[in-house]
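Residue numbers (our numbering): 375 to 1070.
Keep in mind the hints are simulated off the structure, nothing from the lab. Don't take every hint at face value.
Claimed, not checked - Distance windows between CB atoms, simulated:
id : residue 1 : residue 2 : range
1  : G548      : S585      : 27 to 33 angstroms
2  : A969      : S651      : 53 to 59 angstroms
3  : R917      : A969      : 20 to 26 angstroms
4  : G725      : S954      : 29 to 35 angstroms
5  : Q523      : G641      : 50 to 56 angstroms
6  : D614      : V911      : 27 to 33 angstroms
As the list claims (entries may be wrong) - Pairs of lysine to aspartate or glutamate residues, derived as EDC-like cross-links and limited to a Cα-Cα distance of at most 20 angstroms, are as follows:
id : residue 1 : residue 2
7  : K751      : D595
8  : K610      : E649
9  : K751      : E837
For glycine and all other residues, C-beta sits at the position ideal for the given N, C-alpha and C.
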Amino acid sequence: MRSVLSPLSSRPRAAAPLNATVMATLLAVTPLAWSAADPVRGATLYSSNCTSCHGAASAPTNPLVLNARNASSVLRNAISTNRGGMGFLSGLSEADAADIAAFLGNSPGSVSFAGTAVGSSSAAQSVTVRASSALALSTLAATVSGDFQRSGGSCGSSLAAGGSCTIDLQFVPGATGSRSGALNLVHNGLAAGVQIGLSGSGTAAAAPLLSVNAASLSFGDLVLASTSATQSITVKNSGDAALSFSSLALAGAAAADYRLSGNCAVGSPLAAGGECSVGVAFSPSALGARAATLNIASNGGNGSVSLAGQGVAQPLPAVSFAETRIDFGNQTLGSSATARSLALTNSGNAGLSLVSLQVSGPFSLIGHDCGASLAAKASCTLQIGFTPAGIGAASGTLSLVSNAAGSPHTVALAGAGVAAAPQLAWSPAVSSLAFGSGTVGAALTAQTLTLSNQGPGSATLTELRLSGAAAADFHLEGQGSCSAGTVLPAGGTCTAVLGFVPGAVGPRSASLDVVSNGNVPGSVALGGTGVAAPAPVLTLSSRSLSFVREGSTGSNPSQTLTLANGGNATLRISALTLLSANFGITAGGSGACAAAPFELAAGQQCVLTLNWSGNGSSEQASLVIASNAGAAGETITLSASQQASVSNQGGGGCTLGEGTASRDPVLLGMALAAAALLWRRRRAAPSAGAASQGGR
């Protein structure tokens, strides 16, 4: 009895396993890929040497080999021990013995399955079990381990002599990568059983993958009830299987303020690699921030996009006066108080139309720089005067009629007429105070004013008031002695200490006024200038340099570049980078720049000398200068070229092309002319001698 095990095919297939008859034919004519020996040749050798004792090659009757995987060693042992008289085969070569062993025990060592997606099953492969004609198999049992399973076949627990049956196997990977297992076969004909290794590779299952090209959309400010332009989001299936949407929905407190459009839709799957779009429009229903979320759910994962917008009111103008009440204090009858300035600002977000400006009581509108309209956030200044009409308190109103809500807007005016009042004055007299220029946000040196009471009688200070467009940039410091409630006797003084912190770049102005029961001095105009913080400025003598070499053996050409600090802070050159190895920086020289990093003080400059050592016909490169004057750095374009040399070695003319004076055409012509002149002179000399003798 012997056992024969072999897979029908090492490739997955959908067809049913081959039957036992076909299997026997294959074994008889086809070498098996899993054996190094030749079982077909072994069948021939068996017929020549073994049939007399063990029966025909088609059905051996004597159980010569009991374990398919050690058939060769069993055969060699039987020959060497002359088992059953087999010693006469001792002359067989190792190759002959191996081929006979392959014929008798042609069991596969392993069965390999093609790559299979995780969670799915491969095509079945079949292993045939055949019993010899001499002995039936009983207690036949097959077990499978690893990511493999029996999927059918005809083998039961026994097999008649000469019969065959099949075991069908499938690969069901539980994870990606290499997977292994075994088919274990035992029966009464094998002492140790047969184990066939099983292997396959698990591959990732095809799956869709949702990707969205934006995490958020912002619609900015939008007037209530209006609708924004539609913004689009691209949704892509980055996977390798169809993607189906289960939901495209808006969520959040202001979800109703957004509208969806586009061609992404539930029921419209996206093929692998396909794209669709979701359009979103915003229409605010309330003021303030309006937030929502677009949620996209699919079988390829979920995505969300944050939506933000701001609902704003219809643009409207708004009136804002710097003061709601102006008190001129006491003013002697028959005289006019110093005019007071009042700032008017359109604090809305639409143009303000000024219909009329009127002042009542003993007050007057001396002038203003307001036009017929005032743009949003713009300001203008009104000048208000007071001339008491009698002794006692006086009141009035400044009234502005406009297109702003709440019109007319008013400012209360107050003052008092007195027969005689103490006179307050700045000592020394001053009408303006200049603080000069200073960095925005930094305090300048405080300045002090002295206020004196020139009598008659005492004066009580009601207020020291700062007003004007940039009043917030100026302040009264605590160390001054003038304050509300201060009583100055005749001849008494107090001080006002003023500070200035520029709030913006450019001219900044305001006014200081005194309110008292006495006659007050005129307004003091306060002024200063805000300047930006010091910064370096890199200036260059050129932004492109050209290098030209005459001939291939000429010297390396060089060019200079001047770097200067045109700013008002130290310039630091952190790096000089040449983007070609053929360009270099020459060290040293008068006024040369130091090696980077180096610094240039404000107004300082240095010279950078560059050279080109390339030997090609032309080259383009760049010099990048990194500094604290700009985050991106400065780039200088460098261009270099090599020109053919022109030689002129003749006597003033061009050469014949070989650079030799002996072949210069100008020299040759001059030599011929000189020879002709000498020849003519020699011919003329005898004639002249004969003429002289005839004369004597």
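Is the Cα-Cα distance between K751 and E837 20 angstroms or less? Judged against 20 angstroms, a Cα distance of about 29 angstroms means the pair is violated.
Tell me if the beta carbons of A969 and S651 are separated by a distance inside 53 to 59 angstroms. Since A969 and S651 have Cβ atoms about 56 angstroms apart, the given range 53 to 59 angstroms holds.
Hint consistency between K610 and E649 [alpha-carbon to alpha-carbon, up to 20 angstroms]: holds (4 angstroms)
If you check the beta carbons of Q523 and G641, does the distance land in 50 to 56 angstroms? Since Q523 and G641 have Cβ atoms about 38 angstroms apart, the given range 50 to 56 angstroms is violated.
Given the hint of 27 to 33 angstroms, check if G548 and S585 actually sit that far apart at their C-beta atoms. With Cβ atoms ~28 angstroms apart, the hint holds.
Distance restraint between K751 and D595, which requires alpha-carbon spacing of 20 angstroms or less: holds (18 angstroms)
Range hint compliance [Cβ, D614 to V911, 27 to 33 angstroms]: violated (56 angstroms)
R917 versus A969 beta-carbon gap, inside 20 to 26 angstroms or not: Because 23 angstroms falls inside the window, the suggested range holds.
Supplied distance hint 29 to 35 angstroms, evaluated on CB atoms of G725 and S954: Since the Cβ atoms of G725 and S954 sit about 59 angstroms apart, the hinted range of 29 to 35 angstroms is violated.
This entry does not satisfy hints 4, 5, 6 and 9, going by the numbered hints stated previously.
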